[in-house]
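Asks: Taken in order, these protein sequences are the chains called X and S.
First residue of the first sequence? That's 0 in numbering that gives the first Met the number 0, and the numbers climb one at a time after it.
First residue of the second sequence? That's 0 in numbering that gives the first Met the number 0, and the numbers climb one at a time after it.
Watch out, some of these pointers could steer you wrong.
[Said to hold, decoys possible] List of simulated lysine-lysine pairs, DSBU-like, C-alpha gap at most 35 Å: (1) 550(X) / 324(X); (2) 379(X) / 417(X); (3) 148(S) / 489(X); (4) 509(X) / 289(S).
Read the hints as simulated data drawn from the structure, not as lab findings.
Computed from a predicted structure; not experimentally measured.
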Amino acid sequence: MVKLRQDWFLRAAVVALLAAGASPYGAAGKGVEPRIEKLENGLEMLLVERHDQPVVAACMAFDVGSVNDPRGQSGIAHLFEHMLFKGSTIIGTKDYAAEKSIIEQEEKLRELMNEEMNNMREMKRRGKITDVLDPAQWTDRYVELKRRFDGLVEEHRAYIKNNELFNLYTTNGGAGLNAGTAEDFTIYFVQLPANKIELFFWLESDRMSNGIMREFYVERDNVREERRLRTESTPTGKLDEAFEALFWQAHPYGVPVLGWASEVESITAQDVRDFYKIYYAPNNVRLVMVGDFDSDKVIELAKQYFGRIPRGSVPPAPIITEEPKPLAQRRLDGEAETNPQVSIRFHTVAMGHTDEAALDVAAELLSGKTGRLYKRLFTKEEAVIGQPNASNSARKYAGYFEINATVKEGKEPEAVEKMVLEEIENLRDGEISDYEMEKVKNQVLASSVQRLRSNTGLMFQLAIFDLWYDWSYINESPQRMLDVKVEDVKRVIKTYFDPKTRTVAIYRTKPGAAGPDDAELSAALASLPPEAQGMVKAQLAKIKETEDLEKLQQGLQRLEQVLASGAVPDEQKGLMAIMAKAMKSRVAELEAAKKETKQP
Amino acid sequence: MKRRSDEATKRRRVPPLWVCLGVILLGSAIRAQDPIPPHPEQIQYPKLDYKIPPAAQFREVLPNGMVVYIAEDRMLPVFDMHITLGAASAFDPKEKIGLASLTGEQIRDGGTQDLTPEELDERVEFLAAQLFSSIGETQGSAGVSVLSKDIDAGIDLLIGMLRYPRFDETRFRLAKERRLQNLKRRNDHTASIEQSEFGFLMNGEEHFTNWYPTPATLNSLTREDMVAFHHKYVHPGNMIVAVAGDFDRKEMLKKIEKAFADWPAGEKSARAFPKPDHDPKPGVYVVDKKDVNQGRVTIGHKGVMRGSPDEFALQVMNGILGASGFRSRIVAKVRSDEGLAYNAGSQFGQGIYWPGNFRAWFQSKSNSCAYAAALTINEIKRLQTEKVSQQDVDDTVNFYVESLPQRFESKLAILETYTSDEYTGRDPKYWETYVENLKKVTPDDVLRVAKKYLHPDSLVILAVGDAEAIIAGGYDKAADLRLDKFGEITRLQPRDPETMKR
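Turn these sequences into a full structure, and let the hints guide you.
Replies: Written as structure tokens, this is what we have:
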């Protein structure tokens, strides 16, 4: 149940780095020393030269994310990130004047469509229709407007150079071109051959200031597909989202980055323009480069290209919401097609807080193959499958500590939850050995070096740390962890881990979701050759689906007779009994259904 | 809000480019002598003469016959040793499917002759090392990563683990139990159903790539099976080593030689794997999965073996079709133009040991799957009827060629490429001539290979999701288009997740 709410690239690149708690570099050597340069318009650069390969990793990291989505427009930060790949007034167009006129017509039609959509929403609230996105339920007026709109989109295409930004980057060796939106940052990145740096400055300064709403509504549909892909059509996506919303009562961290479905599909191009104007300004971004370049030359390029862009005229409003202290335990108990899982969360601190390092050490003591959770839950109790995990996630505005485990069949999630709480208590009240502390510190030292290996990895860390707190975190954090004493760990556990106000998610395996759900059947089946197992299961599936009560009752009667006659060999009795059980339960279901339909 | 937008509209009546520059740049920076080119195509770049470092520069052969790829990399005080093993699940006996994979895992998890599993874990985590081993379909891998101050301890751990695995009974039992539990979860994700079902449709039920562990085969596995498997396949003669990091090359070679000196080299296992004996049956196949609102669609047929004279033309053709990101046609059509899918693309498999598969894919809301399939198939057909432009070819070739420095970004990445090439027996000149070969491809070549290797009239179309809704179609732009337009529908019952039988 690892929560990766960020856009896809982060799964690989950043979350892995941050989730473990420990952080990069510093203590083992000289530390990272980026050159810092600030332009007059507020644009800040962090530059790290590394000359061993002729490549450069570069990014623009904006101080904006889903926490900045205005109310009713959840998902807008992420949707806008997509729009910046559609080009600008210069890139992606064959004739901007023609495009502009079409976009204006599109906007006018969309206003009418929005009015009609609001009417349909009203119809839905009154139960007259069930789905405003179902073409079959659209009003005639909406169908007509949509038809005209699609015609305009078609017409618009003649003036578009499809994906020109992408093309310019990739034909010049840009690799890994992408962007990601998280709750509290949005980052655009690419790796380039060392000689192509100027392209980055051209394209990034252009899209910071000249972006337009080209094919906005088509892209909004793609973003909706992204939400279906990640959240709505995965076994636990919707539950994961519900868990976030439960954990964050007030803070906008509880709102999904991909937005709530009804809101994402209603965002307008004008909403997005307003958003762009506020957050995409040179005073709200970090430009980070790591690799084979000359910093002086890069700074000259930056002045030349970004120096032309003025500061933003509308300063972004600060996020001031504080999460209220939880008053009570909160629990989410759901079913999904998944192994049973438990997640336990506590509210902790934001990045750079004085208690962060001790919380990180606590996470390390609990995690890993020699951590306390694995020893207790896996080795001693055999209550989980795989490695339980504990992590402290300290972010820009707030943080949390999370423990999760996948529960072994036959064990209760609640029992695993209790064991976890006991281990936290043991950490608080029992002994923490010097050996355990030394092991954690060895790992801090090693990861502080290992995490500098790739240019891209280092670039992400510098950019995100600087947006969340300060880039120097990369050097400070390992040192702070090395300074943590046993008493500090015990103190933060007392302070933050109050079991009375924990938030817990339990996911149970949806019954019947996959194969035999009972251990008896598993055991009986295991003794059969695979082909026979398949046949038995197919029979069981048929029984579960049949609507023919009479035939089922006859079959059951025959089966019971055979069983009673003693003619069945011992090794088959178990299976016969299971079949009989399945038939009985289906008979009961069908009889119940019959009764229901008879009622007036 | 409203007023601001009206003002903006008024201002935009002036010639657009200048207005925009005027508004955004406040007229300050753009001057006649401004050196910023009006379009990035006019940027003059410094020359970069990048050559892929040749394999010979890194390749050594030890006296025991073991091949070592080695590179000093002094940037950070770290050390990596990765070993490619000639061990594969292709070698599993049919009644013991799962043996290779479990053995690969238990080499690391089951302790060593001298160390219990718990002691090994403690040793690894106290050193803050990463120690791993696994065995896949056609090869295995194992390795260690440590700070360079711990090089000796790291090599000891790796060799101790590979040579003298303990195969602890408790860890073995727990691993089996975990796997048995996970078998039941094979149908949870539409993505995994799509992947396995397409494998069955392409390679048939009998090919070893479609042998899935079942409760029966997992329950039949014993510790002795693992010991025998390990004994048969894990020895220096069946390994290729890659080492990179903060060390002196000569000293490191001596160190490796010494570490393996008294371990008998043994035989190299055969790298020949059974080819599928199955002709895919074209048609439309649908697997039903309730409670999802997006269908996953794969469209394809058999591909080819790698190393054919058309290898590079096929690479460019597939790049144009669906493998060069947003530049490629399927992505441009299905995603950029129509807003039908977040993820779409294609792959033309050029297999190492048996023919790969050609496949195009997307995921779209149930009612637009049929429409997106029509667009995708149309793009496949178009490659056969319309010659691509020189620009299409140039852009696609550049997509592959210009990003080579990133592909070989680290020493370890270079070594891993060459280790893999050595294991799979790729032509040693492959990378030396890679750029040249790609640049030879012409639009005529692309048309020729598209005609020869694409078969849009005999496609296997697989859709996984809400079957009724996907088949019915009804997307507003093509309200009458149903999925059965592409052929008779075969509804595939979901497989039993444990046995993978229906």
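Asks: Now tell me, hint by hint, if it's right for this structure.
Replies: Here is how each hint holds up against the structure:
The hinted pair formed by residue 550(X) and residue 324(X) fails the criterion: a straight-line CA distance of about 60 Å is larger than 35 Å. Simply put, residue 379(X) and residue 417(X) have alpha-carbon atoms about 15 Å apart, close enough for the 35 Å limit, and the pair holds. With a CA separation close to 32 Å, the supplied pair residue 148(S) and residue 489(X) stays within the 35 Å bound. Simply put, residue 509(X) and residue 289(S) have alpha-carbon atoms about 13 Å apart, close enough for the 35 Å limit, and the pair holds.
When the structure is compared with the earlier hints, a violation turns up for hint 1 alone.
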